[in-house]
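Q: This is what each chain is made of:
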Amino acid sequence: MSLGDGHAAALRRDRTIERWLMLSLAAPALLLVFVCLIVPVGWLFYLSFFTDGGVATLHNYRNLVEQPSYARIFWTTFKVSALTTAICAVLGYPLAYFMSQLSARAANLCIILVLLPFWTSLLVRTYAWLVLLQRTGLINTWGMQLGLWSEPLALVNNMTGTLIGMVHIMLPFIVLPLYGSMRTIDRTLVQAAANLGASPVQSFVRVFLPLSLPGLTAGALVVFILCLGFYITPEVLGGGRVTMVSSRIATDIDTFLNWGSASALGAVLLLLTLILLWVASRLAKGLSLVGAGH
Amino acid sequence: MSWLDKPATETQITHRSRLWLYALVVVLFAFLVLPTLLVIPMSFSESQYLEFPPRHLSLRWYEAYFNSRSWMHATATSFKAATLTVIVATPLGTIAAYGLYNAELATARLVSLLLITPIVIPIILVGTAIFYAYVRLKLVNSLIGVVLAHSILAIPIVIMIVTSALKSFDMNQERVARSLGASRVTAFFTVVMPQIKFAVLTAAVLSFLTSFDEVIVSLFVSGGENSTLTRIMFTALRDQIDPTIAAISTIMIVVTSLLLALAQMFGRQAKP
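Those protein sequences? They're chains A and B, same order as listed.
Residue numbers for the first sequence follow my numbering, beginning at 18 and rising by one.
Residue numbers for the second sequence follow my numbering, beginning at 5 and rising by one.
Mixed in with the good hints there might be a few duds.
[Unchecked claim] Rough simulated footprint, nothing fancy, chain B against chain A, three-plus residues with beta-carbon under 8 Å: (1) 29-40; (2) 47-56; (3) 109-117; (4) 133-146; (5) 194-208; (6) 254-267.
[As the list claims (entries may be wrong)] With beta-carbon atoms standing in for the labels, derived distance ranges: (7) Val296(A) <-> Val31(B): 28 to 36 Å; (8) Phe51(A) <-> Ala265(B): 32 to 40 Å; (9) Arg182(B) <-> Ala44(A): 17 to 25 Å; (10) Leu126(A) <-> Asn71(B): 38 to 46 Å; (11) Phe173(B) <-> Val222(A): 40 to 48 Å; (12) Phe173(B) <-> Phe51(A): 26 to 34 Å; (13) Val285(A) <-> Gly185(B): 53 to 61 Å; (14) Arg200(A) <-> Ala34(B): 21 to 29 Å; (15) Gly160(A) <-> Thr121(B): 41 to 49 Å.
The set of hints was computed from the structure by calculation and includes no laboratory data.
No experiment lies behind these values; they were computed from the predicted model shown.
Just so it is clear, CB atoms sit at the ideal spot from N, CA and C, and this is done for glycine as well.
Please work from the sequences and hints to get the whole structure.
A: Laid out in structure tokens, this is it:
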């Protein structure tokens, strides 16, 4: 071994030490997350496979399948999430489409407007809807004054209120990625369609819409994933009539201290979230490949 | 030919045939922005029943808020928790971001992933898990418990903001400082820090907001003497519609807007 080799080895060793030293700077943050979050999550999931007496069992998971009350909760969670996603897609698409045709300056102003509610406290917004939608609230008062309806409508403490509140929270989450992906669509393709005699509707439906679908799917999936874990909005605006998975986990712990059942429910929620996140990241990867083509 | 009949986009559609789109956009912006803003005038109403526009103006609900011991106590707790969260999360997140950015190891990617988990997994699980840990660590209902829990949620945000600032910083500058004899620590504080300070300040402001606005984890881990403002608000919202909350909401909107303006200002400074 020549002197140069020894030198190179020493340098390599130094660099390795340096890198690990750098990595150790993340240790305090990692320790905190590990002790307070990752270990307890693992522990809870481990516990979900045992009875209170410590006997291994699938009882907690069998309950999720067999008890009709759990089936109802999963169905409600799915229904609320799917409806919120669908409404957000239908309302968010035209908004993003409109924004994508504005000048950069005007579009930035619109983005600020879209982000404004995003940054307002969730509780404040939920409270605002509670006040607006109640029987004696603004919407009912104005609606009846204008003669649109004669009896106060039940707009809150039910599914309607929950959906209104959730759409309000989730709309920015679909508008922003959609807007981003629409900006990358090559407009000359639409122009070409119009040039070749396609009507405005035809060139939109056959050229623009298909090109914007990957962005729409990715955005909708993110909204759906976030909806699955909702707690505050259904609790407050649902008035106890809309029980989603998160609410059930909270009651299992608050009221019954039933860790086994809460953990099993949590494990299912986490698994679903991770699977859908994985699908979303695959879609996003495909999306950026499409974007790179231009 | 009026502008209505001119083509609006590449599809050659006229403005007239897509007036519905403009109407829809206006309605959607109103839907997004107005509900929250309506709370402000309502909070100055005299009436028990939140009316808009308020018939008689009064500061009644603000008085109710400032004269209530429990609301005041909870507000103080929230400010304390948020300030301490900034003090814990900003340095921990910043050095973690700096270390992970420079480590260039496969393990670093795994560590980043672990540090981001608190904002990826469903928040109810975060609350449950932290509560479970706190029962054993005897931290339930303690201020330090709330601060650590909020720091776990704020650290990923700090890491993301600081990392993006580091990406636009040329690490060779730090190497030059060290080759000229500066120690690692000196080089960090005299060369790196001045250039990423606005990103760190932005991260600090957002850490404060993360803690101040946080509801679900606070429901699990704060309580008794150390209940946060959001916890008390949530319980009050579930029970009845108390107009005092309109006053508190207005104050929260003002606090949040001021902090966001501050973050925006720092953010602009960070990108020259």
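Q: For the region 133-146 of chain A, do three or more residues have a beta carbon lying closer than 8 Å to a beta carbon of chain B?
A: holds (count 13)
Q: Holds or violated: the region 194-208 of chain A covered by chain B, criterion of 3 or more residues with Cβ-Cβ distance under 8 Å?
A: With 4 residues close enough to chain B, the hint holds.
Q: Is the distance from the Cβ of arginine 182(B) to the Cβ of alanine 44(A) consistent with 17 to 25 Å?
A: Since arginine 182(B) and alanine 44(A) have Cβ atoms about 22 Å apart, the given range 17 to 25 Å holds.
Q: Range first: 21 to 29 Å. Now tell me if the beta carbons of arginine 200(A) and alanine 34(B) are that far apart.
A: Given about 24 Å between the Cβ atoms, the range holds.
Q: Do phenylalanine 173(B) and valine 222(A) keep their Cβ atoms within the hinted range of 40 to 48 Å?
A: This hint holds: roughly 47 Å between Cβ atoms.
Q: How does the coverage statement for the region 109-117 of chain A fare against chain B, requiring three or more residues with Cβ below 8 Å from a Cβ of that chain?
A: Since three or more residues must qualify, the claim that chain B covers the region 109-117 of chain A holds, with 4 doing so at under 8 Å.
Q: Glycine 160(A) and threonine 121(B), beta-carbon distance inside 41 to 49 Å?
A: 45 Å Cβ-Cβ, so the 41 to 49 Å window holds.
Q: For the region 47-56 of chain A, do three or more residues have a beta carbon lying closer than 8 Å to a beta carbon of chain B?
A: holds (count 9)
Q: If you look at each residue in the region 29-40 of chain A, do at least three have a Cβ nearer than 8 Å to any Cβ of chain B?
A: holds (count 4)
Q: Evaluate the given range 38 to 46 Å for the C-beta pair formed by leucine 126(A) and asparagine 71(B).
A: holds (41 Å)
Q: Could you check the hint for me, namely that valine 296(A) and valine 31(B) are 28 to 36 Å apart, CB to CB?
A: Roughly 32 Å apart at Cβ, these two residues keep to the hinted range, so it holds.
Q: Is the hinted range of 32 to 40 Å satisfied by the C-beta distance from phenylalanine 51(A) to alanine 265(B)?
A: Cβ of phenylalanine 51(A) to Cβ of alanine 265(B): about 36 Å, so the range 32 to 40 Å holds.
Of the numbered hints given earlier, the model fails none.
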